[in-house]
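Peer 1: Here is how the chains run, residue by residue.
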Amino acid sequence: MTTQTLAPQTATAQAGLPEPLLRAESLQAWYGRAHILTGVDLTVGRGEVVALMGRNGAGKTTTLKAIMGLIEARSGRVTLDGRPIDRLPPHRIARLGVGYVPEDRRIFADLTVEENLEVGRQPPRPGAPVWTPEKLFDLFPNLAALRGRRGTRMSGGEQQMLTLARTLMGNPFLLLLDEPSEGLAPLIVRQMAEAVLRLKAEGLSVLVSEQNVGFAAAVADRASVIEKGQVRWSGPMADLMADESVRRAYLAL
Amino acid sequence: MSFLLVQSLSGLATAATLFLVSSGLTIVFGVTRIVNFAHGSLYMLGAYLGWSLIERFGGTVGGFWASVAAAALGAGALGAVMEVGLLRRLYRSPELFQLLGTFGVVLILQDAVAWIWGPEDLMGRRAPGLKGSVEILGQPFPLYDLMLIGLGPLVLALLWLLFTRTRWGVLVRAATQDRDMASALGVDPARLFTGVLFLGSALAGLGGALQVPREAVNLHMDMAIIVEAFVVVVVGGMGSLTGAFLAALLIGQLQAFGILVFPQITLVLVFLFMAVVLILRPHGLLGRAEDAPPSAAAAHAPPMVAGRGVGWAALGLLALLAALPLVAGDYAVILLTETVILALFAASLHLLIGLGGLVSFGHAAYFGLGAYGAALFVKHLGAPMPLALAAAPLVAGLGALAAGWFCVRRSGLYFAMLTLAFAQIAWSVAFQWSGFTGGDNGVLGVWPSGWASGKAVYYWLTLGLCAGALGLLRRAAFAPFGYALRAGRDSSLRAESVGIDVRRHQWFAFALAGSAAGLAGGLYAFAKGSVFPTLMAVPASVDALVMVLMGGVQTVSGPLAGAALFHLLETQVMRATDWWRLLLGLVIVALVLLFPKGIVGFLAGLRGRS
Chain A
16 MTTQTLAPQT
26 ATAQAGLPEP
36 LLRAESLQAW
46 YGRAHILTGV
56 DLTVGRGEVV
66 ALMGRNGAGK
76 TTTLKAIMGL
86 IEARSGRVTL
96 DGRPIDRLPP
106 HRIARLGVGY
116 VPEDRRIFAD
126 LTVEENLEVG
136 RQPPRPGAPV
146 WTPEKLFDLF
156 PNLAALRGRR
166 GTRMSGGEQQ
176 MLTLARTLMG
186 NPFLLLLDEP
196 SEGLAPLIVR
206 QMAEAVLRLK
216 AEGLSVLVSE
226 QNVGFAAAVA
236 DRASVIEKGQ
246 VRWSGPMADL
256 MADESVRRAY
266 LAL
Chain B
1046 MSFLLVQSLS
1056 GLATAATLFL
1066 VSSGLTIVFG
1076 VTRIVNFAHG
1086 SLYMLGAYLG
1096 WSLIERFGGT
1106 VGGFWASVAA
1116 AALGAGALGA
1126 VMEVGLLRRL
1136 YRSPELFQLL
1146 GTFGVVLILQ
1156 DAVAWIWGPE
1166 DLMGRRAPGL
1176 KGSVEILGQP
1186 FPLYDLMLIG
1196 LGPLVLALLW
1206 LLFTRTRWGV
1216 LVRAATQDRD
1226 MASALGVDPA
1236 RLFTGVLFLG
1246 SALAGLGGAL
1256 QVPREAVNLH
1266 MDMAIIVEAF
1276 VVVVVGGMGS
1286 LTGAFLAALL
1296 IGQLQAFGIL
1306 VFPQITLVLV
1316 FLFMAVVLIL
1326 RPHGLLGRAE
1336 DAPPSAAAAH
1346 APPMVAGRGV
1356 GWAALGLLAL
1366 LAALPLVAGD
1376 YAVILLTETV
1386 ILALFAASLH
1396 LLIGLGGLVS
1406 FGHAAYFGLG
1416 AYGAALFVKH
1426 LGAPMPLALA
1436 AAPLVAGLGA
1446 LAAGWFCVRR
1456 SGLYFAMLTL
1466 AFAQIAWSVA
1476 FQWSGFTGGD
1486 NGVLGVWPSG
1496 WASGKAVYYW
1506 LTLGLCAGAL
1516 GLLRRAAFAP
1526 FGYALRAGRD
1536 SSLRAESVGI
1546 DVRRHQWFAF
1556 ALAGSAAGLA
1566 GGLYAFAKGS
1576 VFPTLMAVPA
1586 SVDALVMVLM
1596 GGVQTVSGPL
1606 AGAALFHLLE
1616 TQVMRATDWW
1626 RLLLGLVIVA
1636 LVLLFPKGIV
1646 GFLAGLRGRS
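Residue numbers (the numbering used here), protein chains in the order written: chain A, 16 to 268; chain B, 1046 to 1655.
What the hints contain is simulated information worked out from the structure, not anything from laboratory work.
The model shown is predicted, which means the values in this text are computed figures rather than measured ones.
Some hints could be false.
Stated by the list, open to error - 25 Å max Cα-Cα, derived SDA-like pairs, lysine to any residue:
(1) K1424(B) to L1443(B)
(2) K1573(B) to D1485(B)
(3) K150(A) to I203(A)
(4) K150(A) to W1213(B)
(5) K150(A) to T1211(B)
(6) K215(A) to D56(A)
(7) K150(A) to T1209(B)
(8) K215(A) to L202(A)
(9) K150(A) to R1212(B)
(10) K243(A) to S260(A)
(11) K150(A) to A160(A)
(12) K1176(B) to G1107(B)
(13) K1573(B) to Y1376(B)
(14) K150(A) to R1210(B)
(15) K215(A) to F152(A)
Bound conformation, chain B alone (with noise of 0.2 Å):
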């Protein structure tokens, strides 16, 4: 009995952080209807930004709480001028873009705070003062936690006085509803919207300072706080302080037995929670339905037509790189064959994008099930090659079907939190099961059969699979199916109404889409003879869209120049540096900020003009 008391109250501990650093997620959404990526960025820099200032200065009780409150400020800042360079003007882009540009802070930040704190693990001392422990019901709990259960609650107030009771607050609540308004009733809603990003910033910073007497900072708390912040705002109603604090409580809870009963897939548990909460109350527990955003993933979408002589083109395409072997080294031949695979991943992300309008978070998942499927079939059936191939596009076809029934009833920001839901549960899935899956050590010797073992004949068997699955993909783009999402994409309304079942047809999307990533990821195991599951993690997706992004979101053939594109920057100039990140974060940054029509779509829109 009292040791489940204990274990509900370390539950609470873990409740007041995740609310800490939740409620600056939904504040800043609730305000500018960013779902901030580098929010996690910002709880990981007040953490290392606490540790800095708690080892010099927090040896009295005194300057540790300056301590922790100079790390909150100084993530604070941060934020501020986050959303001065970046976020502002992102206000009315889509939210891929909005995703997207955040995701390359956090990139930049990973490698930023690697650069100046190091790679190791740091220890920081326990707060002076709250060393000791108390006995509750004969059991031993940290005074420490017992505080930070204190601090969810007064938080929560100050958060709701400072909302209700200034005028800054009732400026804010305003602006959120109705931006253009307050402007014109003199409103700076800019100066407004810089504020709002630093007190949820500093927010973030919080959490993250307070976390150093309990546990090690690392780099890797950005994504692992990030991902249960957006559980805790997605799960209390997005946009609501009460709702977050609903669900950190509730969530601490789930984690904190739930690591007694199922210690294996404590995360898996989260998710699954998640997704039950949003079948049961579709805007979260204390959501209200006009908080829904809207989806203008495809907002004044062009009209696609089909070129006439796109198919000769394709085919002298389909010709010149089965030649291309002919004349290129291996490397080049294994480069091709990763860029083919490529093509056909992001091919298939961008039929849900650019016909559905469905932005994925987690399309990784499908190629990661794909690469897992033939790689598991090869190591424990022994299966030869090409039935593992088949497998493939079938596994990743079942798992989409079964991810895409829950994930096609929301639209929009939601739709993408839960595609990143089920990402991170089979993420999860592979990296915990290891007596499965091999856990983070992957499947290795996953060989091409004996008479495709050539660098040569493997990617001629690529390039025909892969060139045979985008056929397909153009195929069904043009077809009465691919009218019938795009027109489900520009009006749900207007299409239903006109007899279009719209939510059928985007859910047999996302199976089609996750097959044919699916078949690239079988291809992608046999090319590279190994699986990983940094495969179906949050980055894998990110580049996928990065590459849909580079093509540009409304052209066919742009997924395959972005592949090409994306690929080559991967290969051949970010390994070249220990800095990838920070590299490929800035070219996110400055893809989102100049060309929000993509890189094909701004050369379109350049010979248009001319």
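Excised from the complex, chain A in its bound form (with noise of 0.2 Å):
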């Protein structure tokens, strides 16, 4: 434990700040009989980028989807805007304005490209950027020349920018990015960083679990550190580049 626990968040909360966007309060889930997330606490302010951090099967991946309401065994407080999140049903989140992408892409197999995206639809949102498929084709230009293929002949780059493009079609102001770098080749990689960041730009906020600490590092304002199902360190990005304890302790493999 460091003294530096939560503190971020306590001093936002004294200082009379606005309620974030997004607030996890002592967040628990389970699979089955195993408790994986024992108590997560984490917020995501109006156009921050959040990176969720830790090791493999720290509850990351858990923690997203706990959220999203996409595990049923779960306890504990979600808000967004202030109204509570945490008894809806996955779709009813989705459409309260919360895109979630998946870490396995889960990419409709039998469905187009562009049925995919037909998929993600949702009517445009006062207060979030509105996308159609042009202008996604646009961020992502090698999916344009995919339109009519059907998503089991993409590569793996090309399946993750179709699930984010799909996610993005239902004009979310939230974003919950599940590892968007995991298994994908450097240069990549570099072009997702960069898609995030310029989604920061039109004002999403996103929540990104991630293991690379160099992405994390470039999309990033602060950084919540998960370890065996709680939030042990929360701060600036920059501090958390600043403290390699914090990072020996709860990241190096």
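Dock the two chains into a complex; use the hints.
Peer 2: In structure tokens, the structure reads:
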């Protein structure tokens, strides 16, 4: 335990700043009898990119799934803009403007690229950037050439871009991005990082789970470090990069 | 030549109806992964609704078609209600519960329709504007059938447009592949699936309503069509619309020409065709490998342990049962005899389901083979009872060995469908080959030998044989054979990799279960003095499943308790009313929804919690 645990959040609350966009408090989750999340506390402010970091099995993916409502066995409190969402099913959470991009991509393999995008489409949302297929093809030029192609016949990088584009079709203002750099070639990782920064510039807030410190450092404003189902350290990304002891304690292999 | 052409055309007309119904079934399966037994009942409901509406409004062309459409919508609405009330709770359940739950709806609708429309066949009026016939190469052919032939491809085209060109269709296809992901993208899968059930059921209703001008509407339409639609869907590849269309065409022709060549065994022909297709193309004509539904029969099966002291408890129970005739009257002894027989029947099925994870939907075939085997030995060879009783498990075991060789090649729902197919073959042989089996009249006068004619003596004989067989089954469950079966159930890949020949074990288990069921059947024949084809029909197989389910799939003593409870319910409650189907259906639906672990499992769970 470091003395810095949760300090930045406490400071924010004391300063009387507005309620963050997303707030999770003592979020717990189970897979069967396995207690995976034992109490996750984190926040994402408006327009902020927060990296959720930790080793394999620490609970990053489970945290995102639990926020999205994809794990039924969950407890604790999650609010979006002050409104509780921890009892809602995934489709209701999505319709409130939360976009979820899974780590394993989960492209609808039988559907074409355009059909995949169509599944994600939701009406425009005030306060969030509006996306169309054309605008997304502009963001991910590789996809434009593949419009009519089925999901089965795409490379890993193309699938990752399609997953992100598909979620953006829902015009979210908060993005839950699970390990976007995993298993991708360095060039594609760089493109993903650029895409995340451009989304931030468009006004999106992002909670991105990441093991790749370089990727996180490139995109995130703040970091929350998770270990054994709990957030053990939170603070500005720059502080994490400066504090080698924290990185060694929770991130080094 | 022209006769053959007209015969082929009438096969096409049959195929059109078959396709309408099967397309609905395959769409519902593709999306929900549930094989909806009640689909045939929705077809029947469409026919009855259509009949009533056409009688009242069908005098004009517009009135006729409006009536047909309204009947389809009515069936669709009921399908939607069924999704919300039942299916929605079963999406994550093992297929046994899904099949049984929807079969409960079959029973409920049978009685509901009989209550509303009465038991008599109803003749509908002909379709206005399509009453005549046209000359085709000098042979008359009904205009109405010609319209049906055109309707099949039209519906296929419309469905194709719906699923590829509309947002709803794209969402349905997405949710079919990955329900959770679609949901995370803001799609409400529950509403989508209600819509799919509406569409599928409306297609069944449409098929039913369109039959009104062609044939009498009756209470047997549901089982007749569902069994054919199963075959079409399995042959075409489960979930494939084009496959269903192709399969419907082939089976329509098979029936049209089969009836010319082998009028006695048209039913058998269809099932043989299905078996051959499945062996040549395991996923059907146009099905894909990844469409194979996972076998979840025994997901999270708790380890079965041989409890200590079980042997003494069993001996105590046996002594108690053996002493009962000393105090009980004749009627009670008859009931006890039947209960003991059913317990063996249920336990033999339990061996397949509980240990092997093989959900058989045609286990009654082997009970029936045993019963017929014994009865026919007596009738044709004048064999004495002991010989006939010895023949029963042999005949059934041989039958199971033959059918099992095909069935264990597939798992999960395909296995269930194959067992169902073989049961239907056995049933149709008993039903149609009246010269040998007595047909619908069955075989009468199968009475025990003189020394065993007393009710108590026959009961003791039954008790002794059944207890011996149950002991053997239990022994097998806890022998290496049983462990190998369970290993194959939990992970056939891992079992294979440690050197277990999973398929061979499943095959032997199938034969063992079959011959145990056959012994039960033989005993049943002598207890009743007669056998009938209904012993092998689908409802009899379902009865056995209900007994296993009542007792709990993952308990060894469960089937015994389940058989006792079921038989008590059947004789004391259900036979006391004319609406026993309705009651049984409600019991099944309640069981499936409330006690997914069966009653014994439920009690054990309560004990474990406190």
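Peer 1: Take the hints in turn and mark each one as holding or not.
Peer 2: Hints, verified against the model:
Of the supplied pair hints, the one linking K1424(B) and L1443(B) holds, its CA atoms being roughly 20 Å apart against a limit of 25 Å. Proposed proximity of K1573(B) and D1485(B) is supported: the alpha carbons are some 16 Å apart, at most 25 Å. For the suggested pair K150(A) and I203(A), the alpha carbons sit about 19 Å apart, so the restraint of at most 25 Å is met. Taking the CA atoms of K150(A) and W1213(B), the gap is about 24 Å. The hint holds against a cut of 25 Å.
With a CA separation close to 22 Å, the supplied pair K150(A) and T1211(B) stays within the 25 Å bound. With a C-alpha separation of about 23 Å, the suggested pairing of K215(A) with D56(A) holds against the 25 Å cut-off. Restraint check: the Cα-Cα separation between K150(A) and T1209(B) comes to about 24 Å, which is no more than 25 Å; the hinted pair holds. Restraint check for K215(A) and L202(A): the C-alpha separation of about 20 Å stays at or below 25 Å, so the hint holds.
Restraint check for K150(A) and R1212(B): satisfied, since their Cα atoms lie roughly 20 Å apart, inside the 25 Å limit. Simply put, K243(A) and S260(A) have alpha-carbon atoms about 18 Å apart, close enough for the 25 Å limit, and the pair holds. The straight-line distance between the Cα atoms of K150(A) and A160(A) is roughly 14 Å, inside the 25 Å bound, and the hint therefore holds. A C-alpha spacing of about 15 Å is found between K1176(B) and G1107(B), which places the hinted pair at or below 25 Å, so the restraint holds.
Annotation: proposed proximity of K1573(B) to Y1376(B) holds, straight-line Cα distance about 13 Å (limit 25 Å). For the hint pairing K150(A) with R1210(B), the CA-to-CA distance comes to about 22 Å; that is within 25 Å, so the pair holds. For the hint pairing K215(A) with F152(A), the CA-to-CA distance comes to about 18 Å; that is within 25 Å, so the pair holds.
In this structure, none of the earlier numbered hints is contradicted; all agree with it.
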